[in-house]
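**Student:** So the chains spell out like this:
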Amino acid sequence: MEIATEYIHIKTKGNTDIIDITERVQGILSPSGFREGSATVFAVGSTASITTVEYEPGLVKTDLPKVFNMLAPYGQHYEHHNTWGDDNGSSHVKASLIGCSLVVPFVDGRLMLGTWQQIIYIDFDTRARSRKVVVQLSGLR
Amino acid sequence: MEIATEYIHIKTKGNTDIIDITERVQGILSPSGFREGSATVFAVGSTASITTVEYEPGLVKTDLPKVFNMLAPYGQHYEHHNTWGDDNGSSHVKASLIGCSLVVPFVDGRLMLGTWQQIIYIDFDTRARSRKVVVQLSGLR
Amino acid sequence: MEIATEYIHIKTKGNTDIIDITERVQGILSPSGFREGSATVFAVGSTASITTVEYEPGLVKTDLPKVFNMLAPYGQHYEHHNTWGDDNGSSHVKASLIGCSLVVPFVDGRLMLGTWQQIIYIDFDTRARSRKVVVQLSGLR
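Chains as they are written, first to last, in the numbering used here: chain A, 87 to 227; chain B, 87 to 227; chain C, 87 to 227.
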């Protein structure tokens, strides 16, 4: 078995910007020569998450953000704001709930996602940011 | 280190059907000869999740479904329904929140779960379905 | 590639006690000689979780517990209580939602966390407990 660690760099708009990174992960996997193994996709930072969804506008622009906002509304008071003078307490809470790490198996060099299952990066922070995602491949070439 | 990719096929009732797949995962691990490593359990599809719970009827039939329904109630309007004419917007939202991937370490060929900690597959879709779960073992035989 | 399985033992206060275990995970990684790979951090048991957060008192003592309590309040009725006479139905529900497993890549022997991103163990149980966390390293030395 072998290992390779690569990175995706993303510019986001923040504010629950949901970005489909499936092709970028597959685009690291395909030329790597790895055939069977898993890709660990990891969001560096404490106000962003990785998960999967059917990437279509209804879910991505409306339905998911609505539930995230219900869980931890922006504009309310968070004690985190007292610590740093930040306004992103809700961003941190949402990121902790959804999680920053995803492991996707692959076979024959293809991620084993469903047809309607895309890997998404969610930037919960309250401003546009430049972000780093780790994509670590582990398996057999 | 070596790797092996296997599959579990499940027939579900949908509608937050929660199925204990612990023995099926262990049933792949035991005859494989792997001693130390990890099992990645991955739900293929965008309306299902993998997590752990104490598998007893109170939690599985009532307490967990109640909270899932609070998070994203079935029967409300989701923009996702406009995209496809589906009725499973709440299923997608719940699956994204809970996640589709779990990594469980094993030692001496045994999954390192607690006594009351079972691996569950949750089908959030709104109809009965035939489902595929990837179980990928990575480690030493 | 090689693998090593280690353990962290923690005494918690229960009741959503949130403990920063970043230095303990790094403290296993550093002397191990592993350079590139991933650490799987796994909470054994069904009333505890692993995730990441910026570990500062506002989030850890107030903001996160508040949202967890909104999701599954302590002191309400759960069917789980009928099964065992327990009082920790809300603990189980929260643990299933947040999840028990986290995979963190490392390079040059350093966990690839953000500066403000710490690994936390959350004990959702309703009493003080002694807990075991699995830290499994996989990669190249």
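Derived by calculation from the structure, the hints in this document are not laboratory data.
Since this is a predicted model, take the numbers as computed values, not measurements.
Any given hint could be a false lead.
[Said to hold, decoys possible] Derived pair list, reagent style DMTMM-like, types lysine to aspartate or glutamate, alpha-carbon separation capped at 25 Å:
1) B/Lys-147 to C/Glu-165
2) C/Lys-218 to B/Glu-165
3) C/Lys-218 to C/Glu-142
4) A/Lys-99 to B/Glu-165
5) A/Lys-147 to A/Asp-173
6) C/Lys-218 to B/Asp-103
7) B/Lys-147 to B/Asp-194
[Said to hold, decoys possible] Okay, the calculated bits of chain B under chain C, using three or more residues with CB under 8 Å as the criterion:
8) 94 to 103
9) 120 to 134
10) 143 to 149
11) 190 to 200
Ideal Cβ positions, reconstructed from N, Cα and C, are used throughout, including at glycine.
**Student:** For each hint, tell me whether it holds in the structure or not.
**Tutor:** Against the structure, the hints:
no., hint, result
1, B/Lys-147 to C/Glu-165, "holds, 9 Å"
2, C/Lys-218 to B/Glu-165, "violated, 43 Å"
3, C/Lys-218 to C/Glu-142, "holds, 24 Å"
4, A/Lys-99 to B/Glu-165, "holds, 22 Å"
5, A/Lys-147 to A/Asp-173, "holds, 22 Å"
6, C/Lys-218 to B/Asp-103, "violated, 30 Å"
7, B/Lys-147 to B/Asp-194, "violated, 33 Å"
8, 94 to 103, "violated (count 0)"
9, 120 to 134, "holds (count 3)"
10, 143 to 149, "holds (count 6)"
11, 190 to 200, "holds (count 6)"
Checked against the numbered hints above, the structure violates hints 2, 6, 7, 8; every other hint is satisfied.
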